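Okay, here's what each chain looks like letter by letter:
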Amino acid sequence: MAGQTVEQAAATLTAPARVRPRRRRSSTWVGWTFILPNFLGFATLTLVPVIASLALSFLDWDSYSSPRWVGLANFERMIHNETFWTALRNTAYYAVGHVPLTLVAALGFAVLLNRKLRAVRFFRTALFFPYITSLVAVAVVWNMLLSPDLGPVNQFLRAIGIDNPPGWTTSTAWAMPAVIMASVWRDLGYYMILYLAGLQTIPAELYEAAQVDGASGWQRFWHITVPSLRPTTFFVLIMLTISSFKVFDLVQVMTEGGPGRATLVLSQVIFREGITQGRFGYSSAISMVLFVIVLTVTLIQFRLQRRSER
Amino acid sequence: MTATVRRVAAYLLLTGLSLVVLVPFAWMLSSSLKLDNEVFSVPIRWIPSEFHWDNFTRIWDRIPLLTYLRNSAFLSITITFLQVLTGSFAAYGFAKVRFPGRDALFLAYIATIAVPWQAYMVPQYVIMQKAGLVNTHLSLILLQAFSAFGVFLMRQYYLTIPDELSEAARLDGLSEYGIWARIILPLSKPALASLALLTFVNTWNDYMGPFIYLTDNNLWTIQLGLRSFVGLYDAEYAMIMTGSVLSVLPILVIFLLGQKYFVQGIATSGMK
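As they're listed, the protein sequences go chains A and B. With the first sequence counted from 1, adding 716 to any position gets you this note's numbering. With the second sequence counted from 1, adding 300 to any position gets you this note's numbering.
In isolation and in its complexed conformation, chain A is listed as follows (with noise of 0.2 Å):
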């Protein structure tokens, strides 16, 4: 950047001031054609999508009647209304357990495989593939292993002496959980390929002077390793935690909510009121909301990340 900005002051002080704007305006005109295909398809979908959602949080309007101004009713009706404060609950719940728990295993499953073992490869495919795999597939794998009575799961608990195993995706208390499980087997292996870049910019000095001051491999660890991946483990966290919040066709796939409304999080409410129901205004009041969550958690957790660089 700081490059760039000296070879533009150079051009600038040179060139003849009747060539510059002439110059300018055609690489301008250049640097249009290149972005406009892209451009033009991101801005009616995505950047005109955006700003609408703000404004459609303040109508009144279903797709056949016309909009109204209502101002803040849609926030009022949202915050006496038992469903939202439910799904907010469940969402918060999920990202409570997803982001710490993938972050640990992500992180455990990195230091392992960060080290020259003949297998490696091995590994980090088997672990990186449930990420890619379809959520209908794991979905539906999950739910069947899960099987109450049957399934593999409770069998297993059975054989070790757990005689009461939970229900999971049919209990009102253990269907999250079990979802946050699925969703951390999943997820951990895209982070573990976060956390083995990041590992591999440690320079193997450092372990080695610990070493030799004899540092052991946990001390090495603690002291070495995890602040060296202070920038890693800040992006993941901001990556986790978004997710989290987003979280949606798993747990529609899972369990739809249920049962009851033991895992309806934020998103399925704003599906359900906005496409199934038709009510934009109330829906673009929710999504709202959980735009300013996962804003304010991404700023305080930019907060936290600059204090403890100073």
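To be clear, the hints were calculated from the coordinates, so they are not data collected in a lab. Fair warning: this is a prediction, and the values are worked out from it, not measured in the lab. Don't take every hint at face value.
[Claimed, not checked] With a cut-off of at most 20 Å between alpha-carbon atoms, the simulated SDA-like pairs for lysine to any residue come out as follows: (1) B:K430 - A:V764; (2) A:K832 - B:F449; (3) B:K430 - A:I991; (4) B:K560 - A:A771; (5) B:K430 - A:L775; (6) B:K430 - A:S781; (7) B:K430 - A:A768; (8) A:K962 - B:W417; (9) B:K560 - A:A913; (10) B:K560 - A:L775; (11) B:K560 - A:L833; (12) A:K832 - B:L317; (13) B:K430 - A:K962; (14) B:K560 - A:W938; (15) B:K430 - A:Q993; (16) B:K430 - A:L833; (17) A:K832 - B:V308; (18) A:K832 - B:W417; (19) A:K962 - B:V308; (20) A:K962 - B:F449; (21) B:K560 - A:A842; (22) A:K962 - B:A414; (23) A:K832 - B:A414; (24) B:K560 - A:F839; (25) B:K430 - A:A771; (26) A:K962 - B:I512; (27) B:K560 - A:R837; (28) B:K560 - A:Q916; (29) A:K832 - B:K560; (30) A:K832 - B:I512; (31) A:K832 - B:A309; (32) B:K430 - A:D778; (33) B:K430 - A:A759; (34) B:K560 - A:F845; (35) B:K430 - A:T992; (36) A:K962 - B:A411; (37) A:K832 - B:V563; (38) B:K430 - A:V766.
Using the hints provided, position chain B relative to the given structure of chain A.
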């Protein structure tokens, strides 16, 4: 602890944990070759008493699997092609051409990556509804072909290509489009492959997009088809697993062929 002991311990730990991670797949594969009443046998039988390969032929008559697979393939290929094409083209503009407003525009791209899709899916749906595109493949193509993520990933890669190369080409009289096509594209093959694979897999596996936009059974993708099969015949355990295996198979093949590009793509997008 000696080095050998540690090494063995690491191997054992990894093997154990990888097995745990792979168990669902093993179970899926083994169940797909069983009879329905054998799937939940107690104790679990990992190897079917008899291999029912006919599950893999019978399923084609049970659900319009061919239609679903064809729709998924069509959408995945079209969307991947458009996304790689427009994404790499736009990324050139953002990475290699300097013009006023460029950085502000790029910021808009980045900012939307952080906005959860649910926050704007309703306005998107309204636009598609007004355009009369709900329940068409075109709606999904338009929604997914112009991703901000693709532009971001390609731009990050282009930034690592030294500017001197394009400068030299410019002096030789090549136009900007020529530089993109003849110099930058050939140099960015790994990034193109990463983006293509990630997009293909995401589109193939996408559930929510088709779920919202496609109501007509003839237009359904494999994910919707599989899901509805589960809903309709939830006691046909073996057949459901057969369908799941068939839906995962293309991804497995693509993954094994392009493994290193997946890793590269994730690492590139993750490291900024």
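Q: Sort out whether A:T992 lies within 20 Å of B:K430, counting only the CA atoms.
A: Answer holds: B:K430 to A:T992 is near 16 Å, not above 20 Å.
| query | Within a Cα-Cα threshold of 20 Å, do B:K560 and A:Q916 meet the stated pairing? | reply | holds (16 Å)
Within a Cα-Cα threshold of 20 Å, do B:K430 and A:L833 meet the stated pairing?
Violated, at roughly 57 Å.
**Message:** Between the alpha carbons of A:K832 and B:F449, is the straight-line distance 20 Å or under?
**Reply:** violated (33 Å)
**Prompt:** Under the criterion that the straight-line Cα-Cα distance not exceed 20 Å, is the pair A:K832, B:K560 satisfied?
**Reply:** holds (18 Å)
Please work out if A:K832 and B:A414 have their alpha carbons no farther apart than 20 Å. violated (36 Å)
B:K430 paired with A:A768 [C-alpha distance capped at 20 Å]: Cα-Cα ~14 Å, so holds.
Starting from A:K832, check that the Cα of B:A309 is at most 20 Å away, please. holds (14 Å)
Given the hint that B:K560 pairs with A:F839, test it: the Cα-Cα distance must not exceed 20 Å. With Cα atoms ~14 Å apart, B:K560 and A:F839 stay inside 20 Å; holds.
- Given the proposed pairing of A:K962 with B:A414, does the C-alpha separation stay at or below 20 Å? holds (11 Å)
Exercise. Quickly compare the C-alpha distance for B:K430 and A:L775 to 20 Å and report which way the hint goes.
Key: Between B:K430 and A:L775 the Cα gap is close to 18 Å, so the pair holds against 20 Å.
- Query: Given the proposed pairing of B:K560 with A:L775, does the C-alpha separation stay at or below 20 Å?
  - Reply: violated (48 Å)
The structure fails hints 2, 4, 10, 13, 14, 16, 18, 19, 23 and 30 (numbered hints given earlier, in ascending order).
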